[in-house]
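Next come the chains, spelled out residue by residue.
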Amino acid sequence: MGEAIVITSGKGGVGKTTTSANLGTALALQGKKVCLIDTDIGLRNLDVILGLENRIIYDLVDVIEGRCKVQQALVKDKRFEDGLFLLPAAQTTDKNAINPEQMKNLVTELKRDYDYILIDCPAGIEQGFKNAIAGADRAIVVTTPEISAVRDADRIIGLLEQEDIEPPKLIINRIRRHLMNSGDALDVNDITTHLSIDLLGIILDDENVITSSNKGEPVVMDPANPAAIGYRNIARRILGESVPLMSLTTGKPGFFGKLKSIFVK
Amino acid sequence: MTQLTKQQYVTIKGTKDGLVLRLDDKCAYSDMIAELRKKVDEDGLEGLAEVQVHTGNRYCNEEELREIMNAIHDSPNLRVSKIQSDVITMEESNRKVLENQSETYIGIVRSGQVVQAEGDLVVIGDVNPNGRVVAAGSIYVLGRLKGIAHAGSSGNAKAVIAASWLEATHLIIADKMETMTDELTILSEQPEMECAYLHPNGFIAIDRLQELRILRPGLSSFKGGS
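So the sequence lines, in the order shown, correspond to chains X and L. With numbering that gives the first Met the number 0 applied, the first sequence covers 0 to 264. With numbering that gives the first Met the number 0 applied, the second sequence covers 0 to 225.
For reference, chain X alone in the conformation it holds in the complex (with noise of 0.2 angstroms):
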């Protein structure tokens, strides 16, 4: 019996469909059968990010509405043996087509097969949101060192602390190291305490997310880049392992860093 996982963050762009694609490769990765879902009806987009779009026959609507079966929808991505598969939302109509009621009963019928069901959340507080977390047992919320994206994600905290879900956890998303350690945007800390729930991790911000979405490639494939680090950190730690939050200070101190290293210990 798997476990289902909504991804959300009440705004948008600030990286739900990344995160949901990233996490779920990275989980991929370390030998686990996930089930990605996209319910950003009308607007789905992560078939693009993992570079599946063109395999896609049926999807959730048509499953939904009894037009397939749950089998036939889902996306293999043949990079990963029997480990990776989408179900990608329908294109063609909006969030209304399906009700909680019905993802309830899909995402329960999916748990008897993978390990992790990761539901990526569409932005909003609305008929999308009350869907995507139908089925979850626990929750993700993504926000940005932007007090825009923290207002949003308090909102939504409150919204899934009223429903019969695990307490939510957190990823910090596109922190920019010199904005946070100069005092210019939010930091670790501030978000933190100010929304009150346990972090899940962090992801910096890295130029390589961009372009690797756009092949089609999630950046967690590429085991150097910070971001991907970063991804497999938050994986290790939904499976249960204990693994230390990465230092946000440069790796390469100046000549003055290392001076004052010397003479701090």
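Take the hints with a grain of salt, since some may be wrong.
[As the list claims (entries may be wrong)] Examples of chain L residues lying across from chain X (beta carbon under 8 angstroms, computed):
1. D85
2. I107
3. R109
4. G111
5. Q112
6. N127
7. N129
[To be verified] Ranges of calculated distance between the beta carbons of each label pair, as one might list FRET restraints:
8. X:M0 / L:G217: 54 to 62 angstroms
9. L:Q115 / X:L244: 32 to 40 angstroms
10. X:T191 / L:H198: 31 to 39 angstroms
[Said to hold, decoys possible] Listing some non-contacts, in silico: residues in chain L with all C-beta distances to chain X over 10 angstroms:
11. S80
12. S101
13. T103
14. I105
15. K222
Worth flagging that the hints you see were computed from the coordinates, not collected in a lab. Ideal Cβ positions, reconstructed from N, Cα and C, are used throughout, including at glycine.
Guided by the hints, dock chain L onto chain X, whose structure is given.
Okay, now just chain L, sitting in the frame of chain X:
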């Protein structure tokens, strides 16, 4: 003979505070009011007398109370100073209990959430921006108040808002609102352990928590101890 044994439904007593009209609470209402009319009619008073009406364990609705008042006021010599009753309805009783009680909310009031209380409200946790706490009485936050607080929501201007960390975006007491903008002089540099109250000048003022004992001594409901 029957005249003598007849139960008295209305008794008039003179006390040092004036006349007391005791209305029997066992008999039928119609019998009582009929006797009241008769008694008032045949009183031999001169001048104006204040009467207190005691209805005992009889519950009278507003219409009945008005009828009793009118019956007494039929006499030019009698004025009702007050009506006293030993009973209230469950509804009134429940309302009184709610108004006087303090409700406790443990948790974080997040953006978009509203926590409401009929009496005082104690929040143990933070009130985040765009979170709203509303109470007919006072609001006490053990944590950071960074959202919107409305105390005395049904008009109580004596209500206060106190917080371990008072950094609200909006403070409302009774019908007076203050937006906590940077240029506001009442915003102190240190928002720790403060309280907001309605100043006699009509504006919301902020002071140290410790000043409450002088500003609002009436809020204390403490009994016991030594």
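Checked hints:
1. Because the beta carbon of D85 (chain L) sits about 44 angstroms from the nearest beta carbon in chain X, more than 8 angstroms, this interface hint is broken.
2. Hint status for I107 (chain L) relative to chain X: holds, with the closest Cβ pair at about 5 angstroms, below 8 angstroms.
3. For R109 (chain L), the shortest C-beta to C-beta distance to chain X is roughly 3 angstroms, which falls under 8 angstroms, so the interface hint holds.
4. The interface hint given for G111 (chain L) is met, as the beta carbon of that residue sits about 5 angstroms from the closest beta carbon of chain X, less than 8 angstroms.
5. With 8 angstroms as the threshold, the beta carbon of Q112 (chain L) comes within range of chain X, its nearest partner Cβ sitting at about 5 angstroms, so the hint holds.
6. The closest approach between the C-beta of N127 (chain L) and any C-beta of chain X is roughly 5 angstroms, which is under the 8 angstroms cut-off, so the hint is satisfied.
7. For N129 (chain L), the interface hint holds, since its Cβ comes within 8 angstroms of a Cβ in chain X; the closest pair sits about 7 angstroms apart.
8. Between M0 (chain X) and G217 (chain L) the C-beta distance comes to about 60 angstroms, which sits within the given range of 54 to 62 angstroms.
9. Look at Q115 (chain L) against L244 (chain X): about 39 angstroms separates their beta carbons, and that is inside 32 to 40 angstroms.
10. Taking 31 to 39 angstroms as the suggested C-beta distance range, the pair T191 (chain X) and H198 (chain L) conforms, at roughly 38 angstroms.
11. Residue placement check: S80 (chain L) keeps its beta carbon more than 10 angstroms from all beta carbons of chain X (closest about 53 angstroms).
12. With a minimum CB-CB distance of about 24 angstroms to chain X, S101 (chain L) clears the 10 angstroms threshold, and the non-interface call stands.
13. No Cβ of chain X approaches the Cβ of T103 (chain L) within 10 angstroms, the least distance being about 18 angstroms, so the stated non-interface status holds.
14. The claim that I105 (chain L) lies off the interface holds: its Cβ sits roughly 12 angstroms from the closest Cβ of chain X, which is beyond the 10 angstroms cut-off.
15. For K222 (chain L), the shortest C-beta to C-beta distance to chain X comes to about 35 angstroms, beyond the 10 angstroms cut-off, and the non-interface label holds.
Checked against the numbered hints given earlier, the structure breaks only hint 1 and satisfies all the rest.
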